Amino acid sequence: SQTIHQWPATLVQPVGSPLSLECTVEGTSNPNLYWYRQAAGRGLQLLFYSVGIGQISSEVPQNLSASRPQDRQFILSSKKLLLSDSGFYLCAWSVRDGFYEQYFGPGTRLTVT
Amino acid sequence: KNQVEQSPQSLIILEGKNCTLQCNYTVSPFSNLRWYKQDTGRGPVSLTIMTFSENTKSNGRYTATLDADTKQSSLHITASQLSDSASYICVVQGGKLIFGQGTELSVKP
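Heads up: the protein sequence lines correspond to chains A and B, in order. Okay, so the first sequence: first residue is 1 according to this note's numbering, each after it adds one. Okay, so the second sequence: first residue is 114 according to this note's numbering, each after it adds one.
No false leads were mixed into what you were given.
If you want a taste of the chain A side facing chain B, the calculated C-beta under 7 angstroms gives, among others:
1) 43
2) 44
3) 90
4) 101
5) 104
6) 105
7) 106
8) 107
Label-pair ranges, simulated between beta-carbon atoms:
9) 131(B) x 18(A): 46 to 56 angstroms
10) 168(B) x 17(A): 48 to 58 angstroms
11) 28(A) x 221(B): 34 to 44 angstroms
12) 192(B) x 18(A): 42 to 52 angstroms
13) 128(B) x 14(A): 40 to 50 angstroms
14) 181(B) x 16(A): 41 to 51 angstroms
15) 29(A) x 173(B): 22 to 32 angstroms
16) 182(B) x 109(A): 34 to 44 angstroms
17) 69(A) x 164(B): 29 to 39 angstroms
18) 9(A) x 182(B): 41 to 51 angstroms
19) 131(B) x 63(A): 39 to 49 angstroms
20) 130(B) x 69(A): 44 to 54 angstroms
Don't read these hints as lab results, they were simulated from the structure. These numbers come from a predicted model, not from an experiment. We treat Cβ as the ideally placed atom computed from N, Cα and C, and that holds for glycine.
Model the full structure from these sequences, guided by the hints.
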């Protein structure tokens, strides 16, 4: 069966510090991978998606970046965090064919102070 | 503009009661409509996925309906339980996934 992992579960970082969130998927190959952010009381916002290694599409301009160094690994990064980067970050995966179900990870709660 | 609007924004019901959540969308082209349940501090979990040819789909006590003509969907929860307390998110897939803001459901004993 497929499993998606995210870490850390919670993170408190000062403004201006770097960020690295990691997401890995097990039990599937060649998945589509996604990063979402959910601000407090708000809906899900798609940040990045990837259809393959090294292929990243950005949905929203921001100071975040994403990388996919391996088929089942997706990393969200920032060089300098802003207060507005606080939120709940969710990684998700889907198969590529058909109308794909998305499976979400447990999320990372990021608080920028 | 592609949009998904959900109502109500929040809802409080007593355990054992039924409730219905609404989703209106203006997404084109339309591929499918999904309902997700998101417990606090957790990732969303899929409840149902419906294509334009499906009018209703059930998952246990959850029943989703879709009217592709009026571009409306509803999620009906029967005999609510305390564990149903969560945010329910309507998502429409056109060229991309368009997310609603969610309905926050609280089931009280």
